[in-house]
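Q: Here is how the chains run, residue by residue.
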Amino acid sequence: MDINILFVFDIIGTIAFAISGVIPAIRNRMDLFGILIIASATAVGGGTLRDLLINVPVAWLHNLVYIYVIIGTVIFAIIFRNKLVYISETLSFFDTIGLAAFTLIGIEKALEAGFSPVICIATGTMTACFGGVIRDTLSNKIPVIFREEIYATACIFGGVTYFSLHHFLPQDVVTVLAGLVVFTVRILSIRYKLKLPTVEFKPGI
Amino acid sequence: MDINILFVFDIIGTIAFAISGVIPAIRNRMDLFGILIIASATAVGGGTLRDLLINVPVAWLHNLVYIYVIIGTVIFAIIFRNKLVYISETLSFFDTIGLAAFTLIGIEKALEAGFSPVICIATGTMTACFGGVIRDTLSNKIPVIFREEIYATACIFGGVTYFSLHHFLPQDVVTVLAGLVVFTVRILSIRYKLKLPTVEFKPGI
Amino acid sequence: MDINILFVFDIIGTIAFAISGVIPAIRNRMDLFGILIIASATAVGGGTLRDLLINVPVAWLHNLVYIYVIIGTVIFAIIFRNKLVYISETLSFFDTIGLAAFTLIGIEKALEAGFSPVICIATGTMTACFGGVIRDTLSNKIPVIFREEIYATACIFGGVTYFSLHHFLPQDVVTVLAGLVVFTVRILSIRYKLKLPTVEFKPGI
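Residue numbers (my numbering), protein chains in the order written: chain A, 1 to 205; chain B, 1 to 205; chain C, 1 to 205.
One chain only, chain A, in its complex shape (with noise of 0.2 Å):
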């Protein structure tokens, strides 16, 4: 795929996440700089992770793009913050952009480094997930992909979808089938309010 391509995705995400993190900060009652980094955390906060944890350079720190994207889009979401709740399900469709380039950014970067498939899914699906986990930590709440949301299965999904295909069609065509079968799951589990099953002991237990 045209890493250009991957890259205006990239940043559509960074800027819906980022957003995602405004919204619940304002609501915590948090100052300019609490916000700021809640939205930081939420936009860049899985790759980091990710790069930490496969031993690259950390993304952020060596591409200055993603600051300013997120500077930016803090002021402008606190600007519009009153307009920004009405139009939840057309961020929710950039999210759902985000979701899908980040998971696939995850996964091809893993890929490089050597890992194997099973990490690279992990990786890609802790690089879409693992900003709002930390979001929701910092925010002093259980992680909401933990307990209610098709998030990281839809992840998990598209990263199923990459290696099967891997080995028999060209990287490209790959990259955007996975990315749709992100996408698609995704959307679908919120318009038929899909939820992973959760268990439960018998009662007295």
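Hints were generated in silico from the structure; no laboratory data involved.
The list treats identical chains as interchangeable, and a pair is accepted whether it falls inside one copy or across any two copies.
Capping the alpha-carbon separation at 27 Å, the derived lysine-lysine pairs in BS3-like fashion look like this:
{"#": "1", "residue 1": "K193", "residue 2": "K83"}
{"#": "2", "residue 1": "K83", "residue 2": "K202"}
{"#": "3", "residue 1": "K141", "residue 2": "K83"}
Given chain A's structure and the hints, the job is docking chains B and C onto it.
A: Structure of chains B and C alone, referenced to chain A:
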């Protein structure tokens, strides 16, 4: 010590630690993905933090057996969840084997990387204890080992034993003895309900 | 700047930050191990995160003086805990020296590792502020610096001062001036109860 025996204990510890993640995750009404992540964080979180700090490759990224053991354990633990609660004493026994094994692995990895005894004891304790800290933090609780249990203390005793004997006895014997110290201190503290002291402020402060 | 003077301030900061971990740990009824870990995380957590991100050896693993200073401080702080609460203004003074020292150390370490000014300011701020973030997260609270205090802002002002003067004045003078800016902004914000603004959603959102 024969590395294979330490490896067997390592796997026992991984299983026991993963189970000790599954149970509270179910209680917190997490979905299957949440349960898997909490179990993984409990089992490999301490070792991951250690590897990042001492700057060696993160173990579970390079040896898939940990991921497979955790996935298997999670499936098993979910199926038999109602039974597990009744064998908490047995679980606690395996958990203590894991505590000893993880401590020794943490000590020996840091020693191999050239760190001083004080740091080796710290990384040994971290390997054994910080999975639980991450589990509790992700579950939105103050980590239980900061408050209630002789857990880290057992690791520190084992570490001090290790470096006290290090120059006088063969390596294998030292590893076994240090592991037994961790095990014994922990088991005695459970049996006699020993706790580390807490301190308080004067009333009114 | 003479490295020894920065080192003296570094140790003063380590002591003050460790104390700022001990007090809430006691209030949270943690045991001795919990108090030690919270004190350590507050004192070296920010620097540890910085070193991991910029991929240099983690400072306290290679220089045991930090561990010994923290252990000594914890013992001292526990013994004199009832007195410490009455000298919170003095503590706040030393804490602010630590804030300035940690910011400068963070900036200079990242600069030495070849990072751009924006990243150096970010790592300086992180060095000074993220110990407190980790302390609060492990204590199951929303980090106080995300909500209430001019703390990170002082670091950012200091960092901007540093790079504004960097090409015009001798290195030592720049370091001293930037440190004074951090110190002054923080002290003024305490005296005049300055806070960063927060924003709110319209009622009903």
